[in-house]
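Participant: Sequence:
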Amino acid sequence: MPTQTATNNFVQRLIGAVSLDVAIYEEVEADRGATGQALIVVVLSSLAGGIGARGFAETSAANIIFFAIVSLIAWAAWALLTFEIGGRLMAEPQTRVDVGELLRTLGFASAPGLLRLFGILPGVTLPAFAITAVWMLAATVVAVRQALDYTSTGRAIAVCAFGWLLALAVAIGVGLVFGPTVS
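Taking this note's numbering, the leading residue of the sequence shown gets 24, the next gets one more, and so forth.
A hint or two may mislead.
Claimed, not checked - Computed spacing ranges between beta-carbons, pair by pair: (1) Ser83 / Thr176: 39 to 49 angstroms; (2) Ile195 / Val122: 24 to 34 angstroms; (3) Glu81 / Ala46: 25 to 35 angstroms; (4) Gly146 / Gln117: 30 to 40 angstroms; (5) Ala161 / Gln35: 14 to 24 angstroms; (6) Gly123 / Leu149: 29 to 39 angstroms.
None of these hints come from the bench; they were simulated from the model.
We treat Cβ as the ideally placed atom computed from N, Cα and C, and that holds for glycine.
Kindly generate the complete structure, drawing on both the sequences and the hints.
Facilitator: Structure (structure tokens):
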């Protein structure tokens with residue numbers, strides 16, 4: 024008789040991801056069916072960033088969409104950089120790189136970004152963005168460690184921090200070149 028493993032539903036996975044639950048990251052890494060869920064998390068997190076950014080200044084719907092797109096581009100740049108840095112430059116002997124596994128875990132690592140929505144509240148914008156940025160970085164460390172089969176959390180931290188700084192530079196560059204003008 025085949026053994027069947029129980030999987031968590033989408034909400035349970037979101038809660039586990041924001042709780043930095045290693046078992047949830049292992050589950051989504053192994054579940055090819057979670058790719059769509061991971062994409063939903065990334066898109067919702069990006070939209071939350073766009074809406075929450077409204078708390079920095081009164082913005083139009085076009086600017087909200089722009090901020091959401093920049094957030095999505097930053098996530099994609101971070102994912103690509105993490106893949107290259109973590110899977111190629113800083114791989115451990117047991118590291119095997121599977122794009123799907125990495126993208127699923129990184130997608131769920133953006134779950135804390137959903138809380139950027141609270142940035143729309145007066146006086147909460149900067150703390151909401153700062154706290155969720157650090158939280159997402161911590162979640163990404165867990166995701167990278169699990170997806171790349173690292174034995175060293177320090178290596179995962181180095182990969183994520185380096186990738187995060189480079190992705191931030193890309194996002195700032197895109198924002199400066201294509202962003203709305205401030206008068």
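Participant: Evaluate each hint against the coordinates.
Facilitator: Hint check results:
1. Ser83 / Thr176: 39 to 49 angstroms: 42 angstroms, holds
2. Ile195 / Val122: 24 to 34 angstroms: 26 angstroms, holds
3. Glu81 / Ala46: 25 to 35 angstroms: 43 angstroms, violated
4. Gly146 / Gln117: 30 to 40 angstroms: Since Gly146 and Gln117 have Cβ atoms about 47 angstroms apart, the given range 30 to 40 angstroms is violated.
5. Ala161 / Gln35: 14 to 24 angstroms: 20 angstroms, holds
6. Gly123 / Leu149: 29 to 39 angstroms: 35 angstroms, holds
Consistency with the previously given hints fails for numbers 3, 4, ordered from lowest to highest.
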